[in-house]
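**Q** Same order as they appear, the protein sequences are chains A and B.
Numbering-wise (my numbering), the first sequence opens with residue 561 and increments by one.
Numbering-wise (my numbering), the second sequence opens with residue 9 and increments by one.
Don't read these hints as lab results, they were simulated from the structure.
Certain hints may be false.
[Said to hold, decoys possible] SDA-like, lysine to any residue: derived pairs with alpha carbons at most 25 Å apart:
hint : chain 1 : residue 1 : chain 2 : residue 2
1    : A       : 965       : B       : 27
2    : B       : 36        : A       : 918
3    : A       : 788       : B       : 87
4    : A       : 904       : B       : 13
5    : A       : 904       : B       : 87
6    : B       : 44        : A       : 820
7    : B       : 29        : A       : 877
8    : A       : 582       : A       : 601
9    : A       : 896       : B       : 86
10   : A       : 896       : B       : 99
11   : A       : 904       : A       : 922
[Stated by the list, open to error] Quick list of the computed label-pair ranges, beta carbon to beta carbon:
hint : chain 1 : residue 1 : chain 2 : residue 2 : range
12   : B       : 86        : A       : 568       : 36 to 42 Å
13   : A       : 650       : B       : 81        : 15 to 21 Å
14   : B       : 18        : A       : 650       : 28 to 34 Å
15   : B       : 91        : A       : 587       : 35 to 41 Å
Even for Gly, the Cβ is constructed at its ideal location relative to N, Cα and C.
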Amino acid sequence: MDIIEAKKLLENKLTTSENLVKNCLQKIEKSDLNLINSICADAIEKAKQSDERRASGKSLSILDGIPIVIKDNINKIGTKTTCSSNFLKNNASIYDATVVQKLEQAGAIIVAKANMDEFAMGSSNENSAFGPAKNPLNNNRVTGGSSGGSAGAVAGDLCIASLGTDTGGSVRQPASFCGVVGLKPTYGLISRFGVVAFASSLDQVGPLTKTVKDSAIMLDCLAGFDEKENTSAKQEKNNYYDNVDGKISGLKVGFDKNLLNKVEDKTVVEQVKKSIEHLKKNGAEIVDVDLSIFEYAIDVYYILASAEASSNLGRFDGVRFGTRADINNLSELYLKSRTEGFGKEVKRRIMLGNFVLSSGYFDAYYKKAQKVREKIKQQVQNCFEKCNVILTPTTPTVAFEIGEKTHSPLEMYLEDIFTVPVNMIEMPAISVPFGKNKDNMPVGIQFIANKFDEKTLFNFAECLERGNK
Amino acid sequence: MEITVDLIEHLARLSKLEFTKQETAVFKEEFADIVKHIDNIQKINTDDVVCENECLDAENELREDKVLTNIDRSQLQKIAPEFERGCFVVPLVVE
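All chains, please: the whole structure from these sequences, using the hints.
**A** See the structure below:
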């Protein structure tokens, strides 16, 4: 059930918010997919209040009474915010993130907090201290990551929509693996206040939904300037949902066919070609663009994201919050708390970050990567001189088996080859399911648009979604 | 570049992390693979790029400097490992 279907049922008194929420909580209780870290104790009470509002004609928005799951790096009072890390396993949220406030002001019911890769570092949700999340479409396969629990919860009907965060593809890649819609909005469009930081020049909150229209509904609620977040953008309020019509006639799609050389999975290649045919049939023109620099984006990403992570995670010292080692010496307390609290991938990224920032390597890696980031931005901006959106596969493969890639961090990093460039250029992108392979695993197609042009992004995604039915 | 055990141990000290000898050995191999890959960026000519340490377009929007309702200090004891009379307790630092 999607948001629009749920709204109709609620309006026609065929169900109540309390029923919807209880249904989600029962499914969460029964599920053995490890998609959820904790449930929200106030969900049923909030649902009853929503039903009372509806009964008296005072519903707050289209989201009033809709059960939502949020990633476990987003603070909500009354819940623990663990980031799926042993470091924060008992960490109480003492304030609400702005996105939580916005959802609750719209009447949405936050029912649970989703499993994730520890501190959002990973592409398979296997880096969680609480164990891997399993893909609802095939329990032996990964959900993708890092917002694996959020994507799986939507795909597995544990909620109607969810929130993830996307630093290098962490909303779009699991969306692709689980067959749902995942949006990474323009940098600054959604406030990150109250969201645990990983890499601050890249992190964005984004919705995961069953449909493109639901994604637009969520963005209508979440977007907007927030004075508590100094990278928040001052933008005119957009009515994204009202403007989704799927009309793309006369618009241009940039496509670099050489990118498919990076894709070994034949189904992914076939589906990209079919998606292009579908867009052409609907009146779009395909234009060749040069995205050869995407090849270097993974390297730039792992330098810059790790550098920022090593700085952001400096605050985890065992003094003010989280795990504290049982040591009576301050220097040892830092060392032991961090060593005991962080998992392997988080340690790897902190080490890499400190490497590229350290004396003797700073110019060659960090500074150089910033310059290459600028080159990536320039090349993509040149593409947008010729087209309205850029099309790529979201991922080079469909969801892989649990454990298949854990032996090689590098192989895992390469999963994000099509998604990481988008975070570096601050532009929005969306992953839409389009077809499945012979094992019934979904393929995702990614559209990238110019900054703050989510409207065009939604229309292309809507058009493709109609072709997927 | 060559990744040595000395470099890994140096980075661990900077990172306030501790590894066993076995972990260091595994880490060294994985790290060498990653560094070899990220070295790819040296192939790109960036002589024409003017930005230095930060190339983001987004500008910081600083709010007006006024006191807002903030987190109540008493709330901090919910998240602090050790908290007494409104302060975080740390091990003895100065004798």
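**Q** Holds or violated: are the alpha carbons of residue 36/B and residue 918/A at most 25 Å from each other?
**A** holds, 17 Å
**Q** Residue 582/A and residue 601/A: Cα distance at most 25 Å?
**A** With Cα atoms ~12 Å apart, residue 582/A and residue 601/A stay inside 25 Å; holds.
**Q** Need the status of pair residue 896/A, residue 86/B: alpha-carbon distance at most 25 Å?
**A** Answer holds: residue 896/A to residue 86/B is near 22 Å, not above 25 Å.
**Q** Hey, residue 965/A versus residue 27/B, does the alpha-carbon distance stay inside 25 Å?
**A** holds, 23 Å
**Q** When you check the alpha-carbon spacing of residue 904/A and residue 922/A, does it fall within 25 Å?
**A** At roughly 24 Å apart (the allowed maximum being 25 Å), residue 922/A and residue 904/A satisfy the hint.
**Q** For the hint 28 to 34 Å, verify it against the beta carbon of residue 18/B and that of residue 650/A.
**A** holds, 33 Å
**Q** Measuring from beta carbon to beta carbon, are residue 650/A and residue 81/B in 15 to 21 Å?
**A** Check passed, 20 Å falls within 15 to 21 Å.
**Q** If you draw a straight line from the CA of residue 44/B to the CA of residue 820/A, is it 25 Å or shorter?
**A** Judged against 25 Å, a Cα distance of about 24 Å means the pair holds.
**Q** Lying within 36 to 42 Å: is that true of the beta-carbon distance residue 86/B to residue 568/A?
**A** holds, 41 Å
**Q** Would you check the hint for residue 896/A and residue 99/B, treating anything up to 25 Å between C-alpha atoms as holding?
**A** Between residue 896/A and residue 99/B the Cα gap is close to 13 Å, so the pair holds against 25 Å.
**Q** Between residue 904/A and residue 13/B, does the CA-CA distance stay at or below 25 Å?
**A** Measuring from Cα to Cα gives roughly 18 Å; hence the hint holds.
**Q** Within a Cα-Cα threshold of 25 Å, do residue 788/A and residue 87/B meet the stated pairing?
**A** holds, 21 Å
Consistency note: the structure conflicts with none of the earlier hints.
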